[in-house]
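Spelled out from the first residue to the last, the chains are:
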Amino acid sequence: MFGLIDAVSFYARCEKVFDPTIRNKPVVVLTNNDGCICAVCPMARELGIPKFIPYFKIKSFLAKHNVVVRSSNYELYADLSERMMNVIARYSDRHYVYSIDESFLHFRNFACIDDWHQYGHVIRKAVWCETRLPVGVGFGSTLTLAKAANHASKKLAGFDGVAVIDDHSSRKEILSRMTLTDVWGIGTKLGKRLSMLGLKTGWDLANQSPKSMRSQFGVVVERTVNELNGMPCLNWDEIGQDKREIFSTRSFGQRVSDEHALKAALSSHASIVAKKVRGQQSLIKRLVIFASSSPHDDNYYKKSVIYEFPVATDNTLKIVAAISYVFDSIYMPGIMFYRCGVGAVELENSQFQQQDMFNVTVNNPQLMKCYDSVNHRYGSGAIEVAVAEKNDKWAMRRNFLSPGYTSKWSEIPKIIC
Amino acid sequence: MKVIPVYIEAGISGFESPAAEYKELNLSLEELLLQHPNATFFGLANGRSMEGRGIFDGDVLVVDRVEHVSNGSVIVANFNGCFVCKIIDTDKGLLLSASDENKPIAITEADSFQIEGVVNVSFRLHKKLPKLLSCLA
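Residue numbers (the working numbering), protein chains in the order written: chain E, 720 to 1136; chain V, 327 to 463.
Since the hints were derived computationally from the structure, they do not count as laboratory data. Just to be clear, a hint being listed does not mean it is correct.
[Stated by the list, open to error] Part of the chain E face toward chain V, derived, beta carbon under 7 Å: (1) Pro739; (2) Leu1086; (3) Trp1128; (4) Pro1132; (5) Lys1133; (6) Ile1134.
From the three backbone atoms N, C-alpha and C, an ideal C-beta is built for every residue, glycine too.
Build the full structure now, drawing on both the sequences and the hints.
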């Protein structure tokens, strides 16, 4: 049996855990730099507030309905996420954290459980008791069915936070109430193409011939069909696959027009990407570097350049140097830059690197190991490439930040006696 | 994970410490005071109504969400949108203070009330710590 557990509107709910004054109010959370709405609690959803709408567009509506607005408090979310995962991990013999608020479980030695529905409630109750976070629990005989059951547990009427797909009738009931794009792995594009065949629901998809799905849509859809029929095709290693692209990008707290400031920001993004790349033992072959003004400006300016390394590398110094090579073709005087970023778009595995006869490696694993350990020990940014020096202007803007209830002694909650 | 650091020594540098073999993990306040670390948070006491139970203004409360609540437990609750620390009377549905100046508060259906956790441990700072100062202000 597989399980998928995730928190209900995690960021918005985290804000309520240590702030009793907003427990019964609609809450929205803004993205980096307070740009867009990235999370809405169920009460805010009832007001019809969409996700990913720019904050400035909906500001007056939020004020009118007394909606509580918060900046992303990553320190708090990370702490509550860890607590939540600690509880969940106790209930299975394999646990895979899939994202900040989602984790897969695999039950291999749990023949003793005959009522999965009840077991789901035991987990839910424990997470609620220890963290005050509500979670949805889905069980199924494959990862895709567990994901479908999780969807049902939260979104379909008649489920109380737990759903189990363990036989034909429960499978039919849940899948026939899901749209194609509700199915894990079916995106908008694929959903459109499938609906042209007359398919509407997850159950319709489950009843297709896997072979013909493969010939028309490829092996991924074939596997989805098999998984929907209870045949496990996806395994742990695949869902935990290394990222094929790694980006670091952000809008500026205040607009930037200065050449050096833009270069510093890009260099800092480059070193963040380099660090993440090392974390998954990859090397960067191709890097995309971009900067733009705001799409809401007149004369929207956007420039993006691809840099290819002669030999793939994870060396921060070389990756930051790439910014200098392409910088002149990105920067334009007079533009008020709003956003910039760096992305590793072609990665190689550092264990199986193709050696090049004419280009010797530029990697320096010892230096990078030292660089990462110093930053790990003394806080990120303790050592930086000089050009990436931090500047207040583009530090993250978080005007509506809640206190560090669990990370700063000076901000622990007050309790009236 | 808690690890006992044992240093590798290179070269001869005198006698090995006779205590080296006896090295153990140092005492940890967390290990002593937190029964359920994953379910515990800290809060700052504000007010004098719990002095009879040894909780003074400015004390740090250790709030455990797993600990069982029984009649007479010192609890932290969300009472009408405010975190309060009181003694719970589960029989009569009352929030009691440990001070003569504060009367019992009846919890009615009109109140919003949830128990957050139990306070089995609290500690006092006899000299103000700079780390906590801005919280007290």
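Verification of the hints:
1. Pro739: For E:Pro739, the interface hint holds, since the closest Cβ of chain V sits about 4 Å away, which is under 7 Å.
2. Leu1086: violated, 23 Å
3. Trp1128: Interface hint status for E:Trp1128: holds (4 Å vs cutoff 7 Å).
4. Pro1132: holds, 5 Å
5. Lys1133: holds, 5 Å
6. Ile1134: holds, 4 Å
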